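Could you build all of it, start to finish, from the sequences and the hints given here?
Spelled out from the first residue to the last, the chains are:
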Amino acid sequence: MESTHHKLAASPINWKDQGRGALWDSFSMLSPRRQLRNPVMFVVYVGSWLLLALFFHDLIVHNSEALFTGVIDLWLWLTLIFANFSEALAERQGEAQANSLRRNRQEVTAKKLSKPVREAGYQEVPGASLRSGDFVLIEAGDLVPTDGEAVVGIAAVDESAITGESAPVIRESGGDRSAVTGGTRVISDWLIIRVTQESGHTFLDKMIAMVEGAARRKTPNEIALSILLVVLTLVFLVVTVTLYPFSWYSVHYAGHSGSVISLTVLVALLVCLIPTTIGALLPAIGIAGIVRLLQSNVVATSGRAIEAAGDVDILLLDKTGTITYGNRSAVAFYPVLAVTRETLAQAARRASLADETPEGKSIVTLAEKHDPQSREILPPDAKLIAFTAETRMSGVDWDGQQLRKGSPDAMKLWVQSLGGTWPSELDAEVQKIASGGATPLVVCSGAKVLGAIELRDIVKADIKSRFAALREMGIRTVMVTGDNPLTAAAIAAEAGVDDYLAEAKPETKLARIREYQNEGYMVAMTGDGTNDSPALAQADVGLCMASGTQAAREASNMVDMDSNPTKLLEIVQIGKQLLMTRGALTTFSVANDVAKYFAIIPAAFVSTYPQLGALNIMDLSSPTHAILAAVIFNALIIPFLIPLALKGIKFRADSAQHILRRNVWIYGLGGIIAPFICIKLIDMLLVVL
Amino acid sequence: MISTIILTAAVLLLTILLALPLGRYMHRVYAGERFWATRLMGPVERGIYRITHISVNQEMDWKHYAVALLVFNLIGGVFLYALLLAQGVLPLNPLHYGGVPSASAFNTAVSFTTNTNWQDYSGGSTMSYLSQMLGLTVQNFLSAATGITIVLPLVRALARHKTKDLGNFWVDMTRTVLYVLLPLSALFALILMEQGVVQTLTGIVRADLIAPFVSGGKTVLHQMIHVGPVASQEAIMMLGNNGGGFFDMNDAHPFENPTGFTNFLEMVAMILIPSALVFMFGHMVKAKRTAWAIMIATLVLFVPLTVVSEHFELLGNPLLTHLGATQANMASLAGGGNMEGVEDRIGAGASALCGSLATATSTGAANSTYDSFMPLSGGINLFFMQMGETVFGGVGTGLATVLAFMIFAVFLGGLMVGRTPEFLGKKIESFEIKMASLAILVMPLLVLIGTAAAVSTAAGRAGALNPGAHGFSEILYAITSPANNNGSAFDGLSSDTTFYNLITGMAILFGRYWPYLPLLALAGTLAGKKKIPAGAGTLTTHTPIFIGLLVGVILLVGALNFFPALALGPIADQLAPISTLMH
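Chains as they are written, first to last, in numbering that gives the first Met the number 0: chain A, 0 to 688; chain B, 0 to 582.
The set of hints was computed from the structure by calculation and includes no laboratory data. Honestly, I wouldn't trust all of these hints.
Said to hold, decoys possible - As a list, the in silico DSSO-like pairs of lysine-lysine whose alpha-carbon atoms are at most 30 Å apart:
#, chain 1, residue 1, chain 2, residue 2
1, A, LYS217, B, LYS287
2, A, LYS382, A, LYS360
3, B, LYS217, B, LYS529
4, B, LYS433, A, LYS217
5, B, LYS163, B, LYS529
6, B, LYS529, A, LYS217
7, A, LYS504, B, LYS529
8, B, LYS530, A, LYS217
9, A, LYS217, B, LYS163
Computed from a prediction, not measured in an experiment: that's the story for all the values here.
So this is what it looks like as structure tokens:
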């Protein structure tokens with residue numbers, strides 16, 4: 000089933016090309032207007048201009064400080080370039096991703112008709128070029144290119160990709176079964192549809208605009224963090240500005256020696272203290288989150304939605320497609336009296352050999368498990384009877400035997416039409432299978448009923464461990480199914496979900512979501528149909544399948560281009576990773592200040608108070624080297640952390656407590672220690688140069 | 000050193016043992032529970048409400064609460080100001096002091112209404128008993144109670160779910176005074192009296208000298224000894240973290256702090272209510288483990304710094320060591336160490352401990368001269384204040400500030416675990432960050448800008464009596480103390496000048512009231528939020544790692560703001576080589 004999703008290959012990140020492009024962008028982003036967007040970096044920007052002016056002034060008056068000021072200023076400009084580069088690189092990647100998504104959508108070809116007549120002759124066009132009102136012919140095996148309405152014909156459509164229901168549904172012109180959904184597949188007969196919705200353009204356009212920054216609004220957490228960074232910047236501004244009178248007083252009234260801290264050192268100290276690392280990387284982290292989402296083929300309508308995904312407490316998951324495979328598998332044969340299990344298995348196998356549906360294949364597999372010897376191949380003279388919407392059965396004419404399988408209702412009609420008898424015991428068997436949450440199929444040889452096949456939902460192999468991981472992270476899973484409570488409970492227990500919602504109707508879904516939200520939980524759900532719309536809108540995170548109806552898309556805040564409901568788990572991870580990256584880099588950035596103080600403070604004041612040399616615990620070679628080393632570290636740490644900002648910090652499904660412990664150690668303690676080592680190394684290099 | 004550490008441990012242990020039941024008691028009082036205390040004092044409480052027409056159940060939103068609080072403080076301040084001006088014509092003035100000069104009266108009124116108790120006057124020789132008792136002691140109660148009423152709405156906001164109600168200011172005020180401050184200080188005053196702290200309405204006691212002496216050609220036979228209603232004021236000044244002594248000498252005066260035992264109890268008294276409030280918080284928001292986390296974080300910050308301070312004090316002055324004077328740990332040397340400005344009966348170690356407690360809380364009391372501390376010990380006193388009332392902190396305001404810091408820590412921690420940060424189930428968003436930032440960062444800005452103004456002007460520089468880095472420390476201290484509503488003085492700075500009266504007065508007012516509104520606004524918005532149930536994905540606020548994060552945030556914010564200033568003051572002072580000091 001999974002293989003029928005046409006997984007769009009995420010475009011690989013082309014570091015070389017994108018890097019080169021981003022490099023040019025980072026220079027063009029040096030305009031004041033652009034820099035003003037990021038208050039932290041704007042302070043660096045002002046400082047850079049200030050020192051540039053000072054540098055030229057010093058050059059003209061032949062001040063010996065000129066070289067030092069020039070070198071510091073150079074590194075300040077580099078700090079700005081690095082910051083711009085990180086944002087530009089993220090934007091370039093986002094654009095590349097969005098473009099590849101666009102291209103992929105275009106690759107779905109459609110048979111466009113000039114008028115709704117089958118014989119009119121079609122031309123093959125990219126699905127994305129279809130416009131409302133176009134007519135498209137869809138034949139057996141074709142993907143429905145976009146949402147539309149059947150105007151001519153009748154066909155069986157496999158909608159398992161969106162609805163999860165494996166049984167094909169009948170779509171025909173007129174009446175309320177006329178709507179066809181993009182991404183579904185016609186498996187028999189043909190249809191002519193009129194396009195009602197143009198291909199996913201609206202979402203992609205939104206997404207691209209978001210990546211390109213024009214329409215990107217800061218998310219709530221990003222705003223809160225920005226406020227924190229601005230506040231820190233303001234405080235450090237006051238700290239550095241007041242340091243001038245402190246130093247002046249110390250030189251003239253207290254220490255009576257040395258020189259007052261210079262403007263160059265003050266600007267250097269300010270730039271080192273304000274959280275430039277996180278300030279520079281913050282925009283890139285946000286864009287990278289959107290890019291990661293795009294790489295998994297999910298289009299979000301807002302950055303807010305991605306963040307909300309990280310906060311989700313409860314996932315409402317549709318049973319079919321998410322927890323169980325979209326198609327059912329044959330699990331058992333139930334022969335009627337006087338028929339051996341082998342006979343039934345053999346007949347079922349023969350009837351299914353030509354059946355390419357997953358269910359048909361599963362019957363063959365099951366039969367071979369029963370009787371490994373009999374692996375007869377389809378004789379050349381066998382006549383295949385394909386599934387059609389009218390007969391609702393399929394099979395084969397094999398050595399004169401008319402082997403058929405189909406739903407009990409259809410088979411009953413068939414047997415009776417041939418004058419055969421319907422064994423009453425079979426009704427009981429069929430009843431039993433159905434009540435156990437499975438689907439019965441009946442197999443006949445001509446008018447003779449052989450028995451029933453049980454088709455059952457198969458819980459995905461790895462799903463239980465994924466739910467356990469989610470539980471570890473504090474996220475509860477709730478299975479939503481139309482099954483009766485008994486069946487639901489059985490599958491829920493097998494899959495290891497925390498709760499289930501049986502006999503779910505759109506209203507009950509909506510009510511349940513409201514209930515959870517009133518208790519204070521954040522709820523995510525997947526949906527596709529129009530009747531899911533209220534629930535999708537109510538949920539904090541609504542993920543709509545690409546094949547969903549227009550109403551469902553409008554109501555949700557993310558669309559999965561793969562129409563894979565399991566994607567919700569990935570989205571939660573991306574959301575969490577986004578926040579974690581921001582938090583970790585902020586902590587790292589602020590923790591770095593400790594080492595920078597130990598580099599700059601002794602260097603700045605040692606001329607007044609030689610005893611403050613004792614604070615030079617890194618034993619840096621000279622005051623100018625110490626200050627320069629701190630500024631260089633402050634600049635270089637930005638490009639060094641770009642890959643981390645773009646990829647996100649390592650994510651492991653774990654409890655909050657463990658994640659916090661790991662991140663505090665790595666980014667808190669690491670943030671204190673790393674700069675001590677790096678500044679010392681840079682200082683040693685400066686000595687050598 | 001060992002005995003000092005044991006003393007430190009004993010003070011902290013006794014405080015926690017007393018604070019646990021007191022915290023529970025306060026929780027029951029503020030919840031309006033019916034139990035022995037309310038049965039006993041209930042008629043009085045209800046009587047007050049009846050007279051004042053206060054309806055107990057009518058709660059206020061944050062704006063009403065803030066207005067009530069500010070109006071109450073304003074009236075209190077104006078009343079005190081008028082009382083001080085008029086004391087000359089009012090009764091209970093046995094020494095016939097005239098009215099307090101208006102500038103000083105204003106400074107005192109501001110200082111006592113805000114729980115700062117920065118004293119620019121000499122208590123025993125300026126204030127009539129009526130002023131001391133009806134003016135200062137009453138404000139000692141009311142300003143401490145005001146501190147508690149600041150934190151109550153904040154705690155309620157964390158405990159409640161989607162509401163605007165934060166409690167009734169008048170009820171909170173009444174209950175604080177009636178059930179907490181009055182009984183505690185009455186009890187404490189009795190113990191102090193038993194130990195020899197004076198409590199009388201007599202003005203002066205004339206004592207015949209055992210050994211008369213000749214001074215300036217005159218034989219001195221008598222000594223006139225100031226006494227007064229000291230015990231009652233002493234009790235509340237410690238319990239309420241006011242710190243304004245009856246006498247100018249504050250706790251170094253034998254009538255305020257006569258014995259080692261009173262010194263011990265007074266140290267406990269300083270941190271008793273701040274600690275009890277933490278446990279009360281645990282009861283009120285049903286997060287006892289988080290309360291313990293706050294307590295532990297406090298101790299993690301307090302103990303090492305205090306021990307370092309004690310260590311340097313007990314080590315003695317290296318200059319004296321250099322000159323060959325002994326400062327050894329001997330009974331005859333009162334325990335040895337740096338004895339300059341230290342009372343014999345208290346000793347250097349206990350003085351350092353008291354200094355730490357008085358600056359960590361907003362008490363600002365002193366049983367020794369902080370200016371004479373070793374530079375680093377004095378620097379630690381400074382740093383305790385500069386951490387912004389987070390280590391114990393003032394009555395009420397301390398916990399409120401810690402909660403604001405916790406919002407910072409929760410924000411960073413929450414992001415690091417990949418969720419929108421929540422503190423005890425309340426989502427922390429940009430508004431909360433804004434308000435917490437305002438509440439926390441007003442103080443550093445006041446101190447830095449105030450100190451910069453002082454060192455840049457001749458009037459500011461004129462105050463410092465010592466040369467070198469020590470002079471800088473003195474100026475820094477003079478701004479830090481009022482901005483934190485601490486009120487302790489470093490001395491060595493003539494602060495009774497127009498410049499310092501003005502700048503300290505402003506620091507007091509801004510330092511006290513600027514953080515109030517954001518804290519109350521924070522309470523308002525937090526109360527309105529739903530309380531999200533905790534799960535495995537929620538950041539827990541009681542784990543060792545979170546305590547570490549909280550301590551880190553407090554230290555980083557404190558250290559990062561003040562490290563340059565401290566380097567130019569106490570650190571340079573301490574590290575100064577002896578050779579430069581000898582000249």
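Here's how the hints hold up against the structure:
1. A:LYS217 / B:LYS287: violated (36 Å)
2. A:LYS382 / A:LYS360: holds (18 Å)
3. B:LYS217 / B:LYS529: Roughly 78 Å between the alpha carbons, so the hint for B:LYS217 and B:LYS529 is violated.
4. B:LYS433 / A:LYS217: Holds, at about 16 Å.
5. B:LYS163 / B:LYS529: holds (12 Å)
6. B:LYS529 / A:LYS217: Given that 30 Å is the threshold and the Cα spacing comes to 24 Å, the pair holds.
7. A:LYS504 / B:LYS529: holds (28 Å)
8. B:LYS530 / A:LYS217: The given pair, whose Cα atoms are some 25 Å apart, holds under the 30 Å limit.
9. A:LYS217 / B:LYS163: holds (29 Å)
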